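A.B. asks: Chains as they are written, first to last, in this note's numbering: chain A, 1 to 596; chain Z, 1 to 596.
It is possible that part of the hints are untrue.
One copy or two, either will do: identical chains are not told apart, so a pair holds if it fits within one copy or between any two.
Cross-link-like lysine-lysine pairs, in silico, DSSO-like; alpha carbons within 30 Å at most [stated by the list, open to error]:
(1) K93 <-> K182
(2) K563 <-> K427
(3) K427 <-> K536
(4) K93 <-> K536
(5) K536 <-> K170
(6) K592 <-> K105
(7) K105 <-> K175
(8) K137 <-> K361
(9) K576 <-> K354
(10) K170 <-> K250
Derived from the structure by calculation, the hints contain no laboratory data.
From a predicted model like this one, the values you see are computed outputs, not experimental measurements.
There are 2 protein chains.
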Amino acid sequence: MMNTIPERLTALRAAMAQAGCDAYIMPSSDPHSSEYAPAHYTAWEYFSGFPCENSTFVVTAQEAALWVDGRFFGAADAALAGTGVASMHMGVKGVPTVNEWLTEKLAAGKVLGYTAETMPVTQCRSLHELCDKLGAKLADLPLVDQVWTEDRPALPTSNAWLLNPMYAGKTPTEKLAELRSKLTELGCTAMLVTKLDSVAWLLNLRAADVDNTPYALAFCYVDQNSAVLFTDTARLSADALAQLEQAGVKTAAYNGMPAYLAEGTTAQTVLVDPSSLNAALDNALRGNQVYTVVEGADPIALMKAVKNETELACTRAAHLVDGAAMVRFQIELEQRLAAGETLRETDIDTILHKYRGSAEKFIVESFPTIAAWGSNAAMMHYAPQVGADAAITGNGYLLVDSGATYYDGTTDITRTFAVGPVTEEEKLAYTRVLRCHIDIAMAVWREGATGGELDMLARQPLWRHMLDYRCGTGHGVSHVGAVHEGPQSLRPHNGIVFVPGMVITDEPGIYEEGHMGIRIENELVCVEAGESEYGKFLRFEPLTFVPIDLSCVLVDELTREEKQWLNNYHAQVLAKLRPLLNEGEAAWLAAKCAAI
Amino acid sequence: MMNTIPERLTALRAAMAQAGCDAYIMPSSDPHSSEYAPAHYTAWEYFSGFPCENSTFVVTAQEAALWVDGRFFGAADAALAGTGVASMHMGVKGVPTVNEWLTEKLAAGKVLGYTAETMPVTQCRSLHELCDKLGAKLADLPLVDQVWTEDRPALPTSNAWLLNPMYAGKTPTEKLAELRSKLTELGCTAMLVTKLDSVAWLLNLRAADVDNTPYALAFCYVDQNSAVLFTDTARLSADALAQLEQAGVKTAAYNGMPAYLAEGTTAQTVLVDPSSLNAALDNALRGNQVYTVVEGADPIALMKAVKNETELACTRAAHLVDGAAMVRFQIELEQRLAAGETLRETDIDTILHKYRGSAEKFIVESFPTIAAWGSNAAMMHYAPQVGADAAITGNGYLLVDSGATYYDGTTDITRTFAVGPVTEEEKLAYTRVLRCHIDIAMAVWREGATGGELDMLARQPLWRHMLDYRCGTGHGVSHVGAVHEGPQSLRPHNGIVFVPGMVITDEPGIYEEGHMGIRIENELVCVEAGESEYGKFLRFEPLTFVPIDLSCVLVDELTREEKQWLNNYHAQVLAKLRPLLNEGEAAWLAAKCAAI
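Start from the sequences and build out the full structure, keeping to the hints where you can.
C.D. replies: As structure tokens, then:
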């Protein structure tokens, strides 16, 4: 049995010794370089004992070190103390990077082991360079698979289905045709579709392999004549199999792609996106002379980011259902707090789930609810834990960032509520964040503007006071999929041009350590504003319709145009949600939506 | 004698026939790819009969065609009708480009002639490619020099001097050291400094070779041990020669650089900027094996754009003197119009020159004054001509865009004045332009923002109404030099990061064809705004202090912050200019600067 970290490390080191391996490296990655890896692939967590994203774990015969980013410094230090695993603070001056550390540990003739399937090709190349420089050897050694067996979570086997074209707007046949035409444009004849988001979009494939994200672990090979979906085929519904067959898509086992590539006999110019390619697939591809490899950005990302009319109509409907749930949540929250009940942060998710989960098309929350009271909200990635969460008592702000995926859309919304009286200073902070939000929401621009250019508008109300938030203003949202999607984003220097159909969150904030966090988030969709002699103009339109707490707005701080936007928004919230609410709920909403 | 265009073209065609040349091409360029060429180099104007910038003239045995941009369509059509020269509208669908036209005229074995000295290397390469494709031959044939002799303007011989370090802030020695260190950073050992702005900055060299711009026609060669200035050395003052010698700079004839390069015997890695390199220099450089040529952006552009403390202090002083002249001009304008006098557009420059020209440090107007009444102001590049200019009668807006170069700085300012009562609609347009101006002027940003990102702020007050101006919001201004400088600019997609010391104009506008033009322009300098836990913040500070006509501002359209900025600006205008004015002028100014 391997219940303790020392036991696990001992077993790993024994395997390393047997394989002649001096150091073993585990990046926090699955075979697709996903943002969140399924449990089966979380070897760095299993062997280090500390769960985190964006990390790397390295083990030698004597030492072990886990690199963690700023979000995890404190927690990792506490968890790793005394385990023999060093907590390495990434980006901190004086702390060596993974490669710098390896330079100290490796030497000529030494062997650095890794698992190619979960090694991003870009990191693999950097390690190759390092080993070449040191005279060391980089070896694909499946030691994780060898050591981590009996207590390892299985690969996910959730039911997989194809999203109905009534929600997706296009069939796999149509999407494959679009991709093939795009590949021709790019001078390629084939593509390895390796990012889960892209496979999901291309074939309308959905499942529940990844927490909070309705995707299936899968790869897809596409050329001008054929397409092969690599996934656990057993859990594909008969209907899904029939639809795939109709689209000319063959199916094969999830791990079957390297063998498939090895067997290829037709010359192909194959596009791969290094940002989601693992080293095993890269080896397989480059090992077969029939392929000419072209590296470039996954073209599906942009195709997926621009929603079609059906996707937008469905998303709008999903947001109204989600909005009604948010209204019911707020009513219950107010009533229970008014009744003197002490609610805790984790109760928020329970209440939200009650209302969202009862919706007919509900699938799953789109991410773990962030319900943060007072100073907890200053931590941007705070996730309350049952038993360790704060009680909502006293006065201050309650930040609630939540969302769900329905069969017709994915939502992401943040509201910050004043609980009890808040100070003038707190109201000013809230009002400034609201101004940032509105300044994006009411932006109009001549077509051609980028996310980086638009981001400038969001921050002026804070920057003028030398305040800021240490993140983008907003991210894309997938349609019935991952809550984060690119390539568009509202963030300094983002160079993606906004086009009609792109969805983006608008979520500026103020995070004051030890005091409070304020964030106001709607999803917006880019639409045409009209045309004049100067060209075509674009703007955003809200997808989210949920009242914004007006009790903490300093009305005089808003410009006339901002006030107009706010009153117009609340009039729309009322008009759009009223049909979904009962009389009492509607009356509550009408009061919240009164013009200021 | 060659007084007519047909006579000139006949002479050119005779020379072409003799040289075996089937087509001859003249770009609108001098040897430095300058924005404005000295008269000596305006062959395309001499042979086509039409003066314009940004143009190309091509002559064959039977045909001749001049390519002109949108600004000149009407005028070129009128001037060229019946001369045998076709007026080609660049960028218009169906009109062939120069290369497309040449493809029709040339064939295998044909010869296309050009003058290498005035041919930008980039255009030369494009022509080489074209000729290679057609099997034609591109030949450096000095036919312009051969045909255009007796009535050709001489090369400029204006007195050249070195700008005193009390105005420049740095000596040539210091600047050469900076450049050499920058070249090392770029992996180069030498550079051909070919842009007039760059030579002027590097050696503090000034003259009057170019209209409205105090530059000398000159090249400079710099390596780690030596520097050579190529210019008409006879007109260099003794003091200038002494200073250059002290800085280790040798001098040589203006046209001596090709020979100098041919004689080089030391291996050098030479940086050249193709955007200001002519084909003759490129040939000379590549004809000598000791040189390794590196093409890249001229590093002096950025060094020059970031003004030093002395330059800024001098510029601030120059702007106050310029501001006092503007105040006196406005007083005279108001008085004469009030007295019932009919002034014409060209009178504006006369009045302005009277006041600016009497300043002790005045050198020259920094560009021809744009004084545009009513609908004339809708033409962004309107230049009034004596005898053909409008009388300022009736009601409307008078746009005045002017500036000067003084020994301590260069200015560029636009004010738009209401003459007589203007309509509410006209006031709204003026107010919107003012908002655009202020929104840039009061911007604050975390360091790292680009000109493209900041430009977004300027246009919101217009874009929200689907209005726009078809140009950048602002350009850099040289210190005692050209009124346009890069690489920074306020313009969509400009990627240059603003840093303290950069000077930029802020000149949004509304141009309504047949009706009016409104522009409000100050020069601003980028300065530090302060530092907080979020980083370093930057902002702009006005360099221009001249009242903005408040009689046409709809105060309620401004935000509270914009109104504050405006009142604060006028308080500064009054405080800064009052010491330079007499009692009557000061009283006038105080009234103009009253808070709204």
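A.B. asks: It remains to establish, for every hint, whether it holds in the given structure.
C.D. replies: So, going through the hints one by one against the coordinates:
1. K93 <-> K182: between (44 Å within a copy, 27 Å between copies)
2. K563 <-> K427: both (16 Å within a copy, 23 Å between copies)
3. K427 <-> K536: Cα proximity of K427 and K536: across copies only (26 Å, versus 38 Å in one copy).
4. K93 <-> K536: The answer is between: 20 Å across copies meets 30 Å, while 48 Å in one copy does not.
5. K536 <-> K170: within (27 Å within a copy, 48 Å between copies)
6. K592 <-> K105: Cα proximity of K592 and K105: none, with 62 Å in one copy and 74 Å across.
7. K105 <-> K175: neither (49 Å within a copy, 47 Å between copies)
8. K137 <-> K361: Answer is neither: 52 Å inside a copy and 71 Å across each miss the 30 Å cutoff.
9. K576 <-> K354: within (22 Å within a copy, 66 Å between copies)
10. K170 <-> K250: within (19 Å within a copy, 72 Å between copies)
Consistency note: the structure conflicts with the earlier hints numbered 6, 7 and 8.
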